[in-house]
Structures are given as structure tokens and as C-alpha cells.
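Taking the hints as your guide, dock the two standalone chains into a single complex.
First to last, the sequence lines map onto chains A and B.
Numbering of the first sequence is given in numbering that gives the first Met the number 0, commencing with residue 0 and proceeding in unit increments.
Numbering of the second sequence is given in numbering that gives the first Met the number 0, commencing with residue 0 and proceeding in unit increments.
Simulated from the structure, these hints should not be mistaken for laboratory data.
Model, not experiment: these values are computed from the prediction.
In this text, a Cβ means the ideal position worked out from N, Cα and C, and glycines have one as well.
Mixed in with the good hints there might be a few duds.
Over the 10 Å line for every Cβ pair with chain A, so calculated as not near, a few chain B residues [as the list claims (entries may be wrong)]:
#1 Leu135
#2 Met142
#3 Glu176
#4 Asp230
#5 Ile360
Below, simulated DSSO-like cross-link-like pairs (lysine-lysine); rule was C-alpha separation at most 27 Å, straight line [unchecked claim]:
#6 Lys44(A) with Lys232(B)
#7 Lys298(A) with Lys348(B)
#8 Lys348(B) with Lys300(A)
#9 Lys80(A) with Lys99(A)
#10 Lys300(A) with Lys3(B)
#11 Lys277(A) with Lys298(A)
#12 Lys105(A) with Lys122(A)
#13 Lys313(B) with Lys277(A)
#14 Lys232(B) with Lys277(A)
#15 Lys44(A) with Lys277(A)
#16 Lys3(B) with Lys298(A)
#17 Lys187(A) with Lys122(A)
#18 Lys80(A) with Lys98(A)
#19 Lys122(A) with Lys182(A)
#20 Lys182(A) with Lys44(A)
#21 Lys56(A) with Lys105(A)
#22 Lys105(A) with Lys80(A)
#23 Lys98(A) with Lys122(A)
Each chain, letter by letter, is given below.
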Amino acid sequence: MRFILGFIGAVFAAILLISFFSNLATYFQSPPAPMAAEEFHREVKELRLASDGPFGKFDKRQLQRGFQVYSEVCSACHSLKFAAFHDLKGLGYTDAEIKKIASDWKTQVPSINPDTGEPATRKALPSDNFPPPFANETAARAANNNALPPDLSLMTKAREGGAAYVYSLITGYQNQPAELLKKFPDAKTPEGLHYNPYFANLNIAMPPPLTANGQVTYADGTPATVDQMAKDVAAFLVWTAEPNLESRHAAGLAVGIFLLIASILGYMAYQQLWYEAKRAVRVTGPLDPENQAKSRRAKAKQGVAG
Amino acid sequence: MSFKWAKPYEPKNPFMRWMDERLPLPRLAYGAIGGGYPVPRNLNYFWNFGVLAGIFLTIQIVSGIVLAMHYYATTGGAFQSVNQLIMRDVNAGWLLRYAHMNGASFFFIVTYIHIFRGLYYGSYKAPRELVWMLGLVIYLLMMATAFMGYVLPWGQMSYWGAQVITGFFSAFPLVGEPLRVWLLGGYAPDQAALTRFFSLHYLLPFVIAAVVILHIWALHIPGSGNPTGVDVKDERDTLPFHPFYTAKDGWFAAAFLLLYALVTYFAPNYLGHPDNYIEANPLATPAHIVPEWYFWPFYAILRSFTVDFILPAKLWGVLAMFGSILLLFFLPWIDRSPVRSGSYRPVFKRFFWLLVADVLILGYIGGAEINAWRVAVGQIAAAYYFLHFLVILPLVSSFETPLPLPSSISESVLHGEAEEAAPMGQKKSRRGATATAA
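Excised from the complex, chain B in its bound form (with noise of 0.2 Å):
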């Protein structure tokens, strides 16, 4: 699809020969997940987690379906469907649980590597804009599905994270609480509202994969970037992307779910909040409200707003966590740096390396509990946040003097073959390979 080097698919099978006339479906799918597409050959690990994600894609989808037959959408039903049918009588019921639980958390942490290794090799940038933002989009589609799917168990965080995020909307004024009404189809959570956090539960996770489909599609026309941020110049800088993505991404692939695997079988609440094993009380507020782990950052920056200026704090907090995802959108044109890696940008790397450090102290913030100092440093800890982005990346992509960029992938991949190239018994570090050679 992408270069002209591209092997076409040239069916061998008769059986297939016969099916690619008719309905070319193996033609798609060779060229773009098998033979017929050239992926660059100097791709690090980082570029594994966009399949990660898919997989975890089709666990959840495949394992929810299974729960849905189980479940029961009702405030009176929901907590024991699920914590005494599915968790006690169904065969394997406690394995379905607790793979889709801990599938979502998953979920969100090769998302997250994905996310972030977009930012660092500027994987946002011409012509890529439009997966970026598709990308984004199935990134907030994924925030909605796991909130309303966190709802269903129907336990004390289930109840109040709903009170808490639907409440969000009654910070806007006039047009605010009767949104919130409407949507949750009442004053509270309540059967209304668990019902349609149900259906849609089940809906978006197809509409994800739908947009998923676009997001790969709109990667396939530039074709993937690399780490050194360097344009493919010709076929020898790329290679097929099956057999030699598809066994770099099926053992990593392997590796990873055993990662999974050790969380859900031997510590499957881990990453869950005790809170959600009490069964939903709408007279009990717990001592702590705090949203599931992959919510934290945004809810730091949320509850850091705590002083009404011109608006109620309540409303720049939620202006603040929406514009903090929205703001993404608008990276391709806010970072105008020719130079895609971070690798070639020694300024940018630093602030990149600061905006993760960032993130992991807000995602802190939003997860403990309220105190002042906890609040003032997540005050920082957000301002930066919004001046990385906003004001930071900016300066930076029209000040900084970025480093040379290798010529083409091929020669960049020989970098390290100086190494490999000499005889045995007489290697020589990487650094004094390239010490040699200058």
C-alpha cells in the first residue's frame, strides 16, 4: 500500500486465487499485517505496544462478551451477579472477571507506553497528524468505556466514581445540571443510569474497533516511522512486516501477557480499590473517592484547582481535565520541530523526560489522599503539565539546534554493526566502536 517496493499479494492456494477475484480480503489483510507491508527495519521495542494494544483489545472484548451472558443490570442484581454468580458458579466465571478487570489496566499501560512513545519520537508530526489524532480519539473513547464499565460491579467506588464523574457536568453553568439529569436519567446513579452505562459499555468497545481500524489504515498510507525519525528512502531500510514483525511482535507479545498473567492469577486486586467489593450505598459516602489508577493524573489535575477566580474552581477543574486530553490534539501544529525523535533533540529530550516524571507525580497526587502538601505539589505538577505543552514545546521547536540526523535508516542501522562485524574474541564496546571510528 505504502511503497512501491511493496510485495503484491499473488495467491498460491486456488482455493485463494478463486476467493481474491471475488472478495480481494487475503490481498488486504497481506498488505497490512502480512508480506505486503514494508515496515523500517530499525524499529526499537517501543514500537510493539500499538499490537499490544490491540490484543488487549480483543481480550476484553472477548472475555466481556462472555461476562455480559452473566451479568445482571440491575442496582439489586448487579453486585451479587457479579461477585456471587460469575465469581463463585460459573465455570471459570473468576478467571473471566478478573482477566477483564486486570485487561483493561493492561490496556491502559500499553496504551500509555504507545502514547508516550509517540511524544518522544515525534510520531505526531507530518504526515502522521491524522493517526495521532485517531488515536486520541480511541483514547478517550477507551477513558468512557472503562469508567462506565468500572459502574456495572455496582460496589461503593462503582456508585460514587459515577456520582463523581457525572458531576462533572453540573460544574457548567445553566445548561450543566439538567445535562447531568438527562444523562444519568435521574438526580443519582440509579437503574436508569447503570442500564444505559451497560449498553453503552457494550457499544463503545466496537465502536473502538472500528476507529482502530481507521487509525491503522491512516498509518499505512506514510507508513510506520522509526526511531531515528528518518523518512524511508528505499527498500533497503524497510523490511516485510511478516515473518519479521509478526515473530519480533509475537514473542514480545508472549513476554508481556506473562506479565499479565502473574497480575491476574496471583495478585488479581492489586490494582483495584477495596472499596468496590461493598455493595453500592448511596447513603454512605466513602472516606476517599478516588477514580481506578489510569484516571489518576487527570483527576490531580482536576482537584488542583481550588480557588474561584472570575469562575468557580470546580469549573476550571473540569475545563483543565478536558483540555489537558484536548490539548493533544493540537500538538502536530504546536510542536513545529522538523526533526521528528526526540533522540535528535537534546533540549526537547529533557523536557520530555520532565513531562514523564510529570505525569508520574500527578498520577501520584490524583491516587493518594488529600493534604496540603499533596495539593500544592500537584498544583506545580499541573501548571507544568498545561506549560510543557502549551508554552514549553513550543519555545523549544523554534529555539533548539537539533543534532545531525543519519542519512538514511539503512546507515543508521550500521551504526551498531561495527560491534557485530568484528571477529571474534576481539569485540569492542559500542562506545569504543564509534570512538574507533571517529
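So here's chain A without its partners, still in its complex pose (with noise of 0.2 Å):
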């Protein structure tokens, strides 16, 4: 049996072999082209939020100005289908608040008439999630040049870099470098798309969001910078995709305390108790007539002097 195991495992061996070698002839015949994706794609910019690290809390004030950002702009083409207006409790606005922020908010949420039974629109109350722009994906596609702008709702958590990634790619909108062209004359990015360096493939639907200084009047007074918009968003969109991050923190506080207490006294009660059974060893050991005979037995078979 082990003959016909060999067998199988040289068969695969070899094959595996036959795979690297023509593949790499492959790679010298014809080495892989280089790709303007790959040499001009940009790591995330760094981005300090209060949530970072174990210990992060949210900035409340700041993330009631990424709400901001997010209702005065991305909300015009970007859903928030999982967060309910009653989660903004989570920002600090008070129920009142909330009940005139969803009662205002600009789309309605489709509901019947009572009287006909026809469809018709209501406005939102606090227990309704945020009503999506579009009322689905075509109407959504076409307002946007066949592009679908994604749900925020989980999005710092559904992009490699999470907020960082956010915030570098609405603020790394730029012109397509020279260089790029020259060296990738075909990756022009095509018309209706936009160039930047944050983007997997380099070339984006959405146009720049945030444009000018000054696009949102923050409500506390904040100067409304694009880079501060950016961060704000952001923020916001942690808070979107985590609204239960200050609890999870502080229950994992606990639990590491408590965990920490209950292992180092676990460790010190199995140290006493084996205390016990050493000395126990140490007794019927090297005192053991029997063991030391063994001892030298053994030693003697291994050409040690005892």
C-alpha cells in the first residue's frame, strides 16, 4: 500500500512540476504585461478618527456633521438602507429631532392610500429606515449613467482600508498624470468616468462630491472644508456600519479584565496544586531505588558515565 500511496504522491508531484515549468516558460516567453492599475493604484491616505483603537469612542459632534455631508449630498444618489431614523439616537439628537429629520427627509417611503388603495408615498416616522433616492436599480442606473451608486450603510466595512479609504477616495479626485499616459497611452480614463488613484481600476463613475469650501453650512459652525467634510463622512460611515462600536469596546474591556483575573488565578491555583505532585515525583523519584537502578541502566546504554 505505501508502493501505490508513493505512486500518487510522485504522480502529483510530478504534475505540479510540469505546471511550474510551463509556466514559467510562459513567463519568459511572454512576461506578463504591466498594468497602469497596478503601478498607479495609491494606498489609502492616513486617517485618524476618535473611534480608532480598542479604547475609540465616537465624536458625536462630528459625526452630526458627517450626517450632514451625507443628507445634503451623498444622500441625493446613495442609499442608507440599513440604518432606521431612530438609530440617530446614536448621534445625540433628541426624539423630537429625529421625528422632524425623518418627517423632512427629501425622498418619501412608498405606503398605500387608505382610501383608494392605490400606491401612493408617506413621510418617514423615526421607525422607518432611511428611504433609498431611487426606488430601485434601474431608475438608479439611469440617473447615473448606467453606474449603481452603492449603499453606504456597511461600506467603511465592505472596503479594504474602511474609513480611510472613504475619505482618501473623495478627496483623490485629480487629472490622469502625464506620466501614466505616456507610459499606458490606451488607460485614458473613458468619458463619464473619473480619474483617481484610490479607485481598484483608476477610473470612477461618481463625479467628485465634494467640490468647493464652504458646500455644507455645518450647523456648529465648523469651517466646511473639503477635507474636513471628507473626514466627517467618513466618521459618519463608521458609525453606519457600527453603530454598537463604543458598546463592543467597553464589554471587550470587561471581558478582557475579567478574563485576565480569571487566568492569572487559575494559573496560580494550578501551580499550587501541582506543587504537590512534583514533590510527589521528587520523592518516589530519584529517592526510587527502582528509578535509579533504571537510571544508570539506561545511562549506561547510552555510554553516559553515571
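Given below as C-alpha cells:
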């Protein structure tokens, strides 16, 4: 049986080596062409938020500013379908404020006309999820040059780099570098797309959303630079993706301390218990004539002088 | 159960005596995980991971049952039920989900350490072949359960992972494609697949629990192995499981759960893939489809076959991937060295660490984006994997001269005792003590 198995192993290894050499041959005969998306794609910019790290907490003023950016800018195209208006309590809004935000929301919630049964719409309530800006995917694509604006509820968890990616992308729009066009003449950004080195394939359908300082007038008076707005909306999206972050951190700290104490106490109990067991070995151990004889025999066998 | 000096169960409490005469459940527990199970006294910390695996199975079953109460197994509702209902609205739902998600990863971490412990110390050798094989059955069941669980949130990686993995079956000629369609209940993963995956994901953990019982039962016949691989000879070689090993397992479990808690509470998505927070879309293929980290070495083996040689490359890949696990069932007969422990096998030991490095490399390659160099490294590593088990191991076991074994467990324990027995202030280093003794 060992020969059969050895044969199978050799066959697998042989096929792998054939694959290896044929790949190597292909590689040297026609090395893969460099791609613009590999060379000009950039790592995300550094972004520090109050919610970072194991003790991170949300900066509620920043979240409210970010929510303002979302509702005045992003929500024109992007849905936030897994967040409900009542969740805004986490941002520090009162019930009355939330009720007003819901009923003033620019899109209404589909409902039924109570008299005729015809489809109708009504004002949103705090218990509703944020109504999407477009009725369906077809409508969204029709209004956006056939591109589909993704939902933002989980955005910072759904992209490598998280909040830093959102911030980098929003502030990353630029003209296509001349160097890129010189090296890859075919890689010119197509009509209707926008060059952004933080986007995976460098050309994104979304036009630059934040174009001018003061695009949003912050209720708390913070100067609304593009950079500030981008940071604030990134912070807001961390909250929408992970509204329980603060309780998670707090619970983690408590559980961590509990387990640390439990393992220290457990370790001490273990040491205490085994101390006796080790002493028992020592008594029956080296002093035990039978054991000593065994030991001598073993050493003699190894050629070690006892 | 195993040794004649194992303490018999003596109920002290009248109720327990009454119980013992009618249904000897306390006697069973006492003999299995209590004072009635003698365990070699020289186990090191690698022997803690079996109990840890049991702890993680329990965590998974408990958190999973509660999660199932809030989960909708429909293609339209699954993603929302996980990401809105459970993560936001259910009380501590986020904790249940993150505990379950990372619990799966940690279950695999401890299982991999447990398996490699077995590989190093020869735990698969006679008389423990069935213990090893039942363990592999548990491992295969775990893989199936984890895969189906990963499909349930119905994110992009869930969907495309299901697409790729069920696609393995279509590699087989003739029966492959009909088999795949039959298993999925359609031509692509859809409602039928999701519902049956949910049903099986709920069922299999209990099957795992049942096989765990067989695994422990089979283990308790010869008793636990030990780092020297030398058989237990008399009472001095063992300690009762309770309280000695319950204490050791207890503190170590708390320390290991601390690590699990740190990941669950502070980096819950570190081991996952961001694409699974995008709802499944059958029309948009993700740029890089990768399974969860614990499948990466096998994924690397699958992807390493790139040449149609007699059989199509995909079929070679699928055969090799399944073969890479199935060959482990033959290990007790592949490695015929009478010496169990790798500590006394100088040649085997080197190849063992080479295998560990090889599997880590395969893991890295399986998780990384494909490029020409990574594929080449993966192919060499995959070839080594098969050569290691099927060619090198049988050869090593016939040619190697093992080091002399200690004559008993209690003697091996005493090697380190010179240090502890030295008078205060005159402690010698372990090396020094050995040198003096020599």
C-alpha cells in the first residue's frame, strides 16, 4: 500500500512540476504586461478618528457633521438602507429632532392610499429605515450614466482600508497624470468616468462629490473645508457600519479584565496544585532505588558515565 | 477505564449513590473527565488544545442556536437579517454574531494546533489509529459546516464561494455537472441552496459533537499519549485528570479565551473579507474570490494545477485537494517508525518543521492575489506537501535511527528535576545540570 500511495504522491508532484515549468516557460516567453491599475493605484491616506483603537469612542459632533454631509450631498444618489431614523439617537439627536429629520426627509416611504388602495407615499417615521433615493436599480442606473451608486450602510466594512479608503477616495480626484498616459496610451480615462488613484481600476463613475469649501454649512460652525467634510462623512460611515462600536469596546474591556484575572487566579491554583504533584515525583523519583537503577541502566546504554 | 489503578467511582452523596445504581451517568463522567481517568504526568501545553476545541464547539453551538432564532434563510432577507436585525436591533446581537464568526476561526486555530501536535508526537500511531481517523472525520465535518455557515449571510464572498466550491463537483466527467445541479437544487446558488445549507449548517455541529464522543471514547481505551511517546508503565507515570488536568486546562482556557475576546471585541472583522459586507450579486463577480483563511492551503493546492495533462487541470486540482486531506487517513500505515514522538526522531523532526513552513507558505499563497511568482512558489510548496507525506515520510521511517528513549515517563520527568532540586541560590541552568550529571 505504501508503494501505491508513494506512486500517487509522485504523480501529483510530477504534474505540479510540469505545471511549474510550463508556467515558467510562458512567463519568460511572454512576460505579463504591466498594468496601469497596478502601477498607479495608491495606498489609502492616513486617517485618524476618535473611534479608532481599542478604547475608541465616537465624536458625536463629528458624526452629526458627517450626517449633515450625507443628507445634503451623498443621499442624492446613495441609499443607507440598513439604518433607521431612530438609530440617529446614537448621534445625540433627541426624539423630537429625529421625528423632524424623518418627516422632512427628501424621499418619502412607499405606502398605500387608505381610501383607494392605490400605491402612494407618506412621510417617513422614526421607525422607518432611510428611504432610498431611487425606487429601484434600474432607476438608479438610468439617473447615473448606467452606474449603480452602492448602498453606504456598511461601506467602511465593505472596503479594504475602511474609513481611510472613503476619505482618500472622496479627496483623491485629480487629473490623470501625464506620466501614466505616456506609459499606457490606451489607459485614458473614458468619457463619463473620473480618474481617482484610490479606486481599484483608477476610473470611477462617481463625479467628485465634494468640490468646494463651504459646500455644506455646518450647524456647529466648523469651517467646512473639503478635507473636513470628507473626514466627517467617513466618521459618520464608521458609525452607520458599526453603531454598536462603543458598547463593543466597553464590553471588550470588561471581558478582557475578567479573563485576565481568571487566568492569573487559575494559573496560581494550577501551580499550587501541581507543586504537590511534583514533590510527589521527587519523593518517589530520584530517591526511589528502582528508578535509580533504571536510570543507571539507561545511561550505561547511552554510553554516558553515571 | 484505561489503567487498573484508575480510581473507581465512589459516590459519597446518597443521591449520587441512588443515581449511580439506576443510571451511572456520574460514574461515566468520573471515568471520562474526572478523577477516574489517569493521564500521563508529563503532558506539555500542546495537549491543552483538544479541550479548547471542545470549548469552541460549545461556543459555536450555543451562539449559533441563538443566531438561528433571528436569521432569515431567504435570498432576499438573509443579508438584511444579519446586518440590520442581528447587528443592530437584537439585544447583543452584534456580540453573538462576532463571537460566532470569530469562534469559527478560533475553532480552526485550535484544531490546527491539535492536528500538528498529533503529527509531531505521532499521536496517529498504534494503538491510537482510530482516534486519529475519527479526528479527521471531525475536521472534514468542520470544513463542511464552516463553508455552509459562510454562505448564510449571503454576501458577495458567500455567494461566489458557494459558486466556486460547488463547482468542484463539475470537474468530474459525466456525473459532475448533474451532481452539482442536484446538490445546489439549481444551476447556480439560489434559494434552494441557501435553505439546504442552513438546514445542514444547523445539523452538522451535532454530528460533530457525536463524533467527538467517539473520538474521546476511542482515546480513553489506550489513554492519552505524551510528549515522550513512551507507554505508561505504572501509577507513578500518571495523574488523575481531575484535579490536575482540569486545573491546567482551566487556566489555559481562560488565557486562550482572552486572545479570542481581544479579536472578537477589538478586531472582529480582521479575519474576514470586506466583500462579504456587500450583498450577494449573481451578476457581479468579485475581483478576487478567496475562501476563509482556514481553507487557504487547500485553495493554493487547487490553484496550483495549471496544465491539462491527460486529465483537465481543474480535475487534477480537485483530486489533489481532496487527496491532500484523505491521505492523512493513511498516515498510521505510512509512517512505520516504532518511535512515536518527534523529539526522538532527528530526521523526522527536520522534515516536520519543513512541513509546517510548507503549509504556512501554501496558506499565504492561497489567500494572496494570483501572480506568476506566487503560482510558481505555490506549485513547489504543493508538490512538497504530497512528497512529504507519501514519499519522504515512509523513507524516513525506514532509514532513520531514533535517539534513545527514556525508559519511563516518570524518569523523563526527572530530567528537569535536578534544577528544581538544587539548593536555594545554587540553581543551575538546565544545560548545566545535564552536563554535571553527565
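Practice item. Starting from the hint list further up, note which numbers the structure goes against and sort them upward. Key: 6, 10, 13, 15, 16, 17, 19, 21
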